[in-house]
Structure formats: C-alpha cells, structure tokens
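S.K.: Here is what each chain is made of, one letter per residue.
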Amino acid sequence: MTPIEAATVPGPAPVAPQQDTPPRVQTLPIRFTGSGSEYFRIWIVNLLLTLVTFSLYWPFARARRIAYFQNNTLVGDDPLGFHGDPWKMFRGYIVVMVLAIAYGALSETVPAVAAVLLLLFALVWPALWRASLQFRLRNTSWRGVRMAFVGDLKGAYGALLPFFVPALVLVLFLPDVASDEKPSPEASRRVLWVLGAVAVYTLAVLPWCFARLKRYQHGSYLFAGERTELRAGNGRFYGLLARVIGLLLLVVALVIGVVALIAYSGGPGARMLGFFAAIGVMYLLMPLIVVPYATVALQNLVWANTRTRHTRFRSELRFGTLFRLTLVNWLLIVCTLGLYWPFAQVRTARARLECMALQVKGDVDSWMARAQVRQGGVLGDAAGDFFGIDVGL
Amino acid sequence: MPRGAPLLTRWYDGTSPRAHAVFVRLDGDTLVIEPREPGLAPQLYPLRGVRWPERRTHGQRQTELPDGGLLQHADAREWDAWWANQSIGESFVVGWQQSWRGVLVALLTTVAVLGLTWVWGVPWASARIAQHVPPALEARIGRESMEQLERVFFQPSALPAAQQQALQARWQAMVQRAHAAGEAPPHTLAFRASPRLGPNALALPGGQIVVTDELVRLLHDQPDVLMGVLGHELGHVQHRDGMDMLVRSTFISALVGVVFGDMGGFVAAVPAALLTQSYSRDAERRADQRAAELLHANGVPPAVMATLFERLRARHQAGEDEALPIAIASHPADAERVRFFREWAANPSR
Chain A
1 MTPIEAATVP
11 GPAPVAPQQD
21 TPPRVQTLPI
31 RFTGSGSEYF
41 RIWIVNLLLT
51 LVTFSLYWPF
61 ARARRIAYFQ
71 NNTLVGDDPL
81 GFHGDPWKMF
91 RGYIVVMVLA
101 IAYGALSETV
111 PAVAAVLLLL
121 FALVWPALWR
131 ASLQFRLRNT
141 SWRGVRMAFV
151 GDLKGAYGAL
161 LPFFVPALVL
171 VLFLPDVASD
181 EKPSPEASRR
191 VLWVLGAVAV
201 YTLAVLPWCF
211 ARLKRYQHGS
221 YLFAGERTEL
231 RAGNGRFYGL
241 LARVIGLLLL
251 VVALVIGVVA
261 LIAYSGGPGA
271 RMLGFFAAIG
281 VMYLLMPLIV
291 VPYATVALQN
301 LVWANTRTRH
311 TRFRSELRFG
321 TLFRLTLVNW
331 LLIVCTLGLY
341 WPFAQVRTAR
351 ARLECMALQV
361 KGDVDSWMAR
371 AQVRQGGVLG
381 DAAGDFFGID
391 VGL
Chain B
1 MPRGAPLLTR
11 WYDGTSPRAH
21 AVFVRLDGDT
31 LVIEPREPGL
41 APQLYPLRGV
51 RWPERRTHGQ
61 RQTELPDGGL
71 LQHADAREWD
81 AWWANQSIGE
91 SFVVGWQQSW
101 RGVLVALLTT
111 VAVLGLTWVW
121 GVPWASARIA
131 QHVPPALEAR
141 IGRESMEQLE
151 RVFFQPSALP
161 AAQQQALQAR
171 WQAMVQRAHA
181 AGEAPPHTLA
191 FRASPRLGPN
201 ALALPGGQIV
211 VTDELVRLLH
221 DQPDVLMGVL
231 GHELGHVQHR
241 DGMDMLVRST
251 FISALVGVVF
261 GDMGGFVAAV
271 PAALLTQSYS
281 RDAERRADQR
291 AAELLHANGV
301 PPAVMATLFE
311 RLRARHQAGE
321 DEALPIAIAS
331 HPADAERVRF
341 FREWAANPSR
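Chains as they are written, first to last, in UniProt numbering: chain A, 1 to 393; chain B, 1 to 350.
Just chain A, same shape as in the assembly (with noise of 0.2 angstroms):
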C-alpha cells in the first residue's frame, strides 16, 4: 500500500468514526458550475492572443481553458485544480511546432527521410501519449491532492500498437498497383485479400484492443492511494461496436431509400442531385447521430465500470439529451456565425458531468496521497494535444 508521509501532517490522526457498523456509503454528485457567457468572454480574449501571436499564445489559452473547465467541476463540493504550468506547456508546444514543421517541410523534399521520421514517430507515439496522461493527471488536484496516472510504459505500447496493425499490413502488403496501368488479375486478387484482411481485423480484433486500451488507461489513475480499475469485459465492447455499425447501417440504408425515391421519381438531371443529396444529408446524419449514440455509449460503458476499492464511477447519459444538445448547438452555432461555440462547449460539459456521480464508502478524510510522481515530461503533454488526443472528461 502507500507509504504514509506521516511527518508533513503534525497533529492529532484523523479521527476513524467506523468501529464496528459498516463504512456508510455516501454519493458524491458531479456538478458543473461554469457559464456559457463567462466561457465566451475566456474564450475570445485567448482567441484574439492566439490570433495576433501567430499561435504562439495557444499553450497559455489552453491551461486557462483546462482551469476553467476543471476548476469549475465540482466532485462533491470541492473543486477540481489545474496546475498546469502555461510555460511548460508553452516550451512543449515550440519543440512540437518545430518538429511538426520539419516534417512537413522534409515529406515535400526528401520522401524518404519523411518516411522513415513517421515510422519512428508512431514508434514514440504511445510513450507521448502516456506522458500527456501523465502531465494532465499530475496537475488536476482534488482537495489539494494531487491525481497521477501510474501506467506503465510496457503497457502503453502493449495498449497502442495493435492499432498500428491495418496501417503496416496495408504499407507492407498492398501492391503498388497505382503506378500499373492496368492492374493484374493477380494483383487485383492480392489487394482484394488485403483489404478482406483488414477489414476482419477491424471488426473481429479491433473492440478486442479497444477494451485493452481503456482498461489500460482507466486503470491507472491514482488518487490518494486509491488506484482506478475498469471492470468491463471485452463482450461489452464487442457489443457496443455492433451496436453502432447496426445504427450507422440503418441510417445508411434510410438515406439510400430516401435517395433512390428522389432519383426515380425526378429526371436525369435528379440522379446526379440525389447523389450530392445523399453526401450532404450523410455529412449531417453522422455526427448529430452515430457520433453522440457512441459518445454516450462509450462513456457510460467505461466510466460506470471505473472504480477504486472504495470508490466507483456511475454514468448515466441519455441518447436523447445528447442529441438534442448536439442539434440545438449546431443550429445556433450556425446561426451566430461560431459565436455560439464555447456556449455550445458549457453545455455539452454540463450534460456530460452531471450524469456522473462517484459513490465513496467510508471516510475520504482517511485516504492519504502516495509520494508525489516525478516531474517532467512536458513534451509528452504539447505533442498529445498537438494531435488531438486528450484524456477526454
């Protein structure tokens, strides 16, 4: 267990009020404080600094957005902190831009060389994508205790790399049949074999190393001792996947039929139309629909299956209020011309949190934080954010 740094906290022992009833269980609820019209006013000043500063600004309009959200996401009555030095990440996100840019400008020059920097970027990639999880926990605090994520290295290639598995197979296998005039049979055949493979992959190893990745993750956060644990099997994820390709299909094959009506009832000019029709109303349909049926999905799965030996996670978000805040956001963020976004962020914060409550058994004054995790590893936290992965609620 955690060694107890008994000497920084001089004073009578927190009284044990249990002593032979059970630990009561107490539900802790998760509110969201923050306003739309507060978050506008954070949200164009960053917006103005990042602008003139050419991005140079984005780190510290980041860590004030990061405070914002968390500082105003009460677990019980106490507050989330976010400790996040802006001129930490501010140096994590010059070494970035500057690879990124070397990048760019190499794969425009010399292919090669930019081939062989992808292959030992998405080499380093889970060792980045643990240190962002690192940083990020490391500086959210709650009652004045630091969080940390505690997974291992080994366990974040374990996690990340099988989804490097269709890229390779295709980079490796797929014959170069694009510089062909006209493909072989043979060639065609190999390709045909390929793709199959990948497919079969995605959809019969893919949830497999989903459900790997998530209890990877939402197994090492650390609190006060209390280390998180996800307690979902891998038939959940199975389950959650065929869920959403089932809704993605049905609103395929609905378009499809709309489509068909309008190509066969109208003139010639209507099929080409109808085609365009179709881009645009499935452009619409999947994220207002597919996209939050797997947001809630996904979120209720993994975090009302989180919990610690004293404590566990329920989530309890509804299709229906997530599509209709997804709807509502949409038409008046087009409406405003954007203006409307960080209200659109506020809210759709608020429906996600405040489903969520963690039931505690027994004292929290109790628990005491393991010796804090070592500093460092900014990068990790600027290259995460920089390619859009974040711990995500």
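Just to be clear, a hint being listed does not mean it is correct.
What the hints assert, rightly or not - Keeping only pairs whose Cα atoms sit at most 20 angstroms apart, straight-line, the calculated EDC-like set for lysine to aspartate or glutamate is:
| no. | chain 1 | residue 1 | chain 2 | residue 2 |
| --- | --- | --- | --- | --- |
| 1 | A | Lys361 | A | Asp152 |
| 2 | A | Lys88 | B | Asp67 |
| 3 | A | Lys214 | A | Asp77 |
| 4 | A | Lys214 | A | Glu229 |
| 5 | A | Lys361 | A | Glu186 |
| 6 | A | Lys154 | A | Glu229 |
| 7 | A | Lys88 | B | Asp282 |
| 8 | A | Lys88 | B | Glu54 |
| 9 | A | Lys214 | A | Asp152 |
Unchecked claim - Computed far set for chain A versus chain B, every beta-carbon distance over 10 angstroms:
| no. | residue |
| --- | --- |
| 10 | Trp58 |
| 11 | Arg64 |
| 12 | Asn72 |
| 13 | Val95 |
| 14 | Leu161 |
| 15 | Val258 |
| 16 | Gly320 |
| 17 | Cys355 |
| 18 | Trp367 |
It is worth saying that the hints were derived from the structure and are not from the lab.
Don't be surprised by glycine CBs; every beta carbon is placed ideally from N, CA and C.
Place chain B on chain A using the hints.
M.R.: Using the frame of chain A, we list chain B on its own:
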C-alpha cells in the same frame, strides 16, 4: 479590510484530502497560514512562490502553495473582496476577460484581424511563399498531381498526331507573338482524353497545361477560342495559381482550426471550402484577363470566347453532365465572364 487582515478559509496540505480550517493573512512578503486546530504549526510561504487564483464570476478560488498545498475558498465574492485589499497585481488578461466592454473590443478586433488576414494577409503570404517555392519542388508537386490525375481522370489522347502537332505549333506561335520579349512563363502542353472531366483544361503547379480531347472536339472549328482557353491556363501558370491555391488552402485550414479548435468535421470544413472557393474566383478573373490579352496581341477579338460558354451551356442543357462539374464549379458566373470578354476591347486597362 486592510492589507494584513486575516481571512478564515480552508487549507489542504497536499498529502491528505482532509480540509483544515485556517486563517490566512499577508505579512510583508510572506503568506501566513494559521490553522485553527490546536497543535498545528503556522505555515509561512514567500509570496513569490504562491500562485493566486484568477478572478472569475463562477467557481471557487484555489491558491497553489509552493509545497503542493492548496487554499480553497468556496465563497468567491468573499475571497475577491479580501484579495482586492492585498494589493497584489493580476494579469491584464484576467481584467480583460472580466470586462464586457473589453470583451466587445476583443470581439471586434478579432473580426478585424480575421478580415484583414483574409483580404490581405493570406493572399500576400501565399503569393510570397508560392513565388519562393523552389522550381524543382513545384515541378515535383506538379508531377505528383499529374500522376494522380492520370490514375483517376485521364486516358491517353485519341486525337490524331497531326492535329496535336498543329495545335502545339499554333499555340507556340501565338505565345511568341503575345510575349515578343520572350517573357512567357515556362510551360508544357499535353492532350489527354477524359470522359469523366468532359471539355476541360487544367494548369498544374510547375507549368503543366492539360487539355482534354473533349474540349478540342467541342471547339474543333474555333481554334482561336481553344487558344483563348490555353491563354487562360497560361495565366494560371504565370501567377503560379496552382501553388498559390495549395498554400492558401493550407493557411485557411490552419486559420479555421485556430478559430474553431476541435469543432472539427462539418462545421470547420464548410467555411474552409467556401473561403477557398471565393479566392479561386479572383484567380479565374485574372486568368481571363491574360487570355484576353493573348488573343488581342494576336489580332483576335476576345469576344470570340463567348462561343465557349454558349457551347458548354448547350451541352449542359442537353443533359450531358460530367461526373464532376469541375469545369464550372469555381468559375464566376458565365454571364459575367461572357460580358468581360465582349467588353474587353472597350476597356483594355482592366
């Protein structure tokens, strides 16, 4: 409340999630924390190491202590009142974010900055960058786009070799006459069949001009009009519009990315596409201008170009739509372009 007045608040030592009731006060350059529980020693911190919370309307106030401890105050208003009297400066950004007037200024300035970037910044920067792209790199990008086009849209030309040579010779002669001093941009002309693109002509980065067999056939009896189309494409080559567009679309995606962050997908893609479109319309007008000049230098009235638009429209009305209406998608309205060519002689300085 004068400086040095104590405030009753909560303190966490950073090791245990247990709260302690404490009084905090400033004493010179020191923050003093005096626990109310008997037996807990006062804590002293130099002010320099303390990270104060930013003033906001919502949320609690958290102060970071240098040893990892935390002061947490639930009543934001009470804290702000106490803190205001401690005469510690705050970042100007915090005051700015709290003032609606400041926010209005920020909003208007942002719109102005985006507008200026849009009208002058992006065209200026992309033209600069496009002009400084090494020719070898531009040629490579051109070759790669050509390879992609060959794969997707092009087939070898079915035009008789004699016809191709005649058109090449005619084109060379006209370019030479229009550019007597020999300042014509380096370029090459190729013919390709493309049932999917239909009558069309393209200029790629690096000076490659491609004309489809379908366009040559459409204008088989009007070689001057075909030369006008080539002049239009040569205009694109001269202004390095292909490269320019590439740089611009990168810029625009970056800009939209900054403004809308992780909004992603639909909402970000649409403005990016629209913005790129409106830039390309300007490039088309400039290229039309070059076409008119080339024709004029060869003694051909630019008004002949009207034929092109009539025939394209006739094809369109006959229902012969190509799979992708690339030829007309980004061009200014036909009527406007016809008027431009018809009236060009009257207003050559345009």
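S.K.: Would the hint linking A/Lys88 and B/Asp67 be met if the CA-CA limit is 20 angstroms?
M.R.: The hint holds at about 18 angstroms.
S.K.: Take a quick look at whether A/Lys214 and A/Glu229 sit within 20 angstroms of each other, Cα to Cα.
M.R.: The given pair, whose Cα atoms are some 10 angstroms apart, holds under the 20 angstroms limit.
S.K.: Is A/Gly320 truly not at the interface, in the sense that its beta carbon sits beyond 10 angstroms from all beta carbons of chain B?
M.R.: Given a closest Cβ separation of 21 angstroms, the condition holds.
S.K.: Hey, A/Lys88 versus B/Glu54, does the alpha-carbon distance stay inside 20 angstroms?
M.R.: At roughly 19 angstroms apart (the allowed maximum being 20 angstroms), B/Glu54 and A/Lys88 satisfy the hint.
S.K.: Verify the proposed pairing of A/Lys88 with B/Asp282, using a straight-line Cα cut of 20 angstroms.
M.R.: 44 angstroms, violated
S.K.: Could you let me know if the closest chain B CB is still more than 10 angstroms away from the CB of A/Val95?
M.R.: 19 angstroms, holds
S.K.: Far enough from chain B: is every CB of that chain over 10 angstroms from the CB of A/Leu161?
M.R.: 26 angstroms, holds
S.K.: CA of A/Lys214 to CA of A/Asp152, is that 20 angstroms or under?
M.R.: Given pair A/Lys214, A/Asp152 holds - Cα atoms ~14 angstroms apart, limit 20 angstroms.
S.K.: When you look at the beta carbon of A/Trp367, is every beta carbon of chain B farther off than 10 angstroms?
M.R.: 6 angstroms, violated
S.K.: Taking only the CA atoms, is the gap from A/Lys361 to A/Asp152 under or equal to 20 angstroms?
M.R.: Distance of about 28 angstroms is beyond 20 angstroms: violated.
S.K.: Closest CB-CB distance from A/Cys355 to chain B, is it above 10 angstroms?
M.R.: Check passes; 20 angstroms lies beyond 10 angstroms.
S.K.: Does the claim that A/Asn72 lies off the interface hold, with its Cβ farther than 10 angstroms from every Cβ of chain B?
M.R.: At roughly 5 angstroms from the nearest Cβ of chain B, A/Asn72 sits no farther out than 10 angstroms, so the non-interface label is violated.
Going down the numbered hints, you'll see the structure goes against 1, 3, 5, 7, 10, 11, 12 and 18, while the others check out.
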